[in-house]
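With the sequences and hints as input, model every part of the structure.
For the protein sequence lines, the chains are A and B, in the order given.
Under our numbering, the first residue of the first sequence is numbered 1, with each subsequent residue one higher.
Under our numbering, the first residue of the second sequence is numbered 56, with each subsequent residue one higher.
Treat the hints as calculated values from the structure; they're not laboratory data.
Glycine is no exception: its CB is placed at the ideal position from the N, C-alpha and C atoms.
Treat the hints with caution; some may be incorrect.
What the hints assert, rightly or not - Computed from the model, here is a short list of chain B residues facing chain A with C-beta under 10 Å: (1) Cys-94; (2) Ser-112; (3) Phe-168; (4) Leu-302; (5) Phe-305.
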Amino acid sequence: MDRLSHGFFSRSGVAVARSFFPLFAVAIIAGAMLWGPWVSLTVTVIAIAAALRLL
Amino acid sequence: MSDDARKATSPARPSRLLSHPQNFHCVIFHTICLAAYACAFWLYLHPTLVHITGLWSRIAFVTASAVVLGWISGIDVGVNFHNHSHRPIFTSHFVNRWFGRFWTFSGGWPSFFWEYCHVTVHHANLLNDDDWTLPKKNSDGSFENFQLYLFTHWPWRLSRHLWKALTARQSLRRRSLRELAIFLALWSIPFLIDPLMALWLWVLPHWIANAFVMNSGMYVQHSGCVEKTSVDPLKHSTVFMSNFFNLTMFNIGFHLEHHEHPRVHWSDLPQLHQRLKQDMLDDGAHVVPYGNYHAAFLLAGDDDRRKRFDAQDPRYTQ
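In structure tokens form, the structure reads like this:
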């Protein structure tokens with residue numbers, strides 16, 4: 001049972017990790033409901049700068 | 056498939072629907088991309104929910120949304136659909152064709168056109184004069200300016216080349232017309248909802264996806280490389296070794312391995328890389344420790360920055 005659940009969580013974890021960028025996009029767009037458009041824009045600019053430097 | 060490619064391939068059994076178990080990652084990725092567009096459209100039409108109080112806050116929302124939508128569409132078509140064009144993700148031919156059509160329209164492409172450019176033109180003619188998907192070459196064999204390629208290739212140059220190629224034969228012309236009609240029907244949906252919204256949250260992201268994500272990817276993957284010959288068999292593509300980049304980009308960093316064995320499933324590319332590692336070291340393949348994005352940052356810069364791109368990953372020096 002442990003092995004089964006570990007397998008399930010590791011597989012789901014990889015699937016979530018692979019969709020990191022679309023999930024980030026949803027967070028930026030839908031997150032504007034919580035924190036407003038200016039925070040979304042700021043985080044987007046920081047994310048692009050980080051990607052260009054590190055990725 | 057060569058011996059190395061066969062040995063690197065995991066014995067994954069296809070399910071009733073998917074041709075490889077890991078292909079469900081591709082479906083999830085594309086579904087979240089479409090959900091992101093739907094979310095952006097809905098919030099654009101309900102501005103008070105996202106604290107839009109005037110022109111400037113609307114510009115802030117549209118800019119942030121268009122950039123992230125463009126970013127993920129570039130990956131969704133340029134990497135995710137790209138894998139499907141080499142190894143269809145479903146077992147049914149019918150589902151593959153229709154899922155493909157619903158895949159690339161959110162990146163500004165009819166699926167058949169993208170597949171034609173990538174498989175029939177790019178892979179078959181890599182780095183020779185007939186590969187019009189890549190940047191033009193200067194007289195010394197180097198690529199044209201990075202920014203020039205980004206801003207002139209999609210859709211301008213591509214449309215001209217595609218028109219010439221796809222109207223050459225009647226059978227191709229008929230299929231292209233049908234695919235274009237299906238694409239236009241799907242692509243026009245956001246315009247029917249709100250034309251201004253479609254301009255900012257549909258056309259603009261598609262331009263960002265193609266110019267900045269897909270074009271820059273094509274540029275960095277083959278910049279400084281030479282056509283495959285018996286003397287230089289493994290200098291046609293650069294390998295990008297960043298773990299996070301490869302995890303989130305369906306292993307597209309293993310680009311040399313991909314061009315050598317395009318039928319190997321994307322999830323098997325790290326194993327193939329290990330098998331080819333010695334050959335790559337022996338033949339002086341270009342390997343860098345980061346991903347496409349940092350490479351684009353380096354190649355978009357001055358001479359000093361461009362030279363940094365030439366530096367080899369220290370783990371891959373003889």
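Going through the hints against the structure:
| no. | hint | in the structure |
| --- | --- | --- |
| 1 | Cys-94 | holds (5 Å) |
| 2 | Ser-112 | holds (5 Å) |
| 3 | Phe-168 | violated (23 Å) |
| 4 | Leu-302 | holds (6 Å) |
| 5 | Phe-305 | holds (7 Å) |
Consistency with the previously given hints fails for number 3 only.
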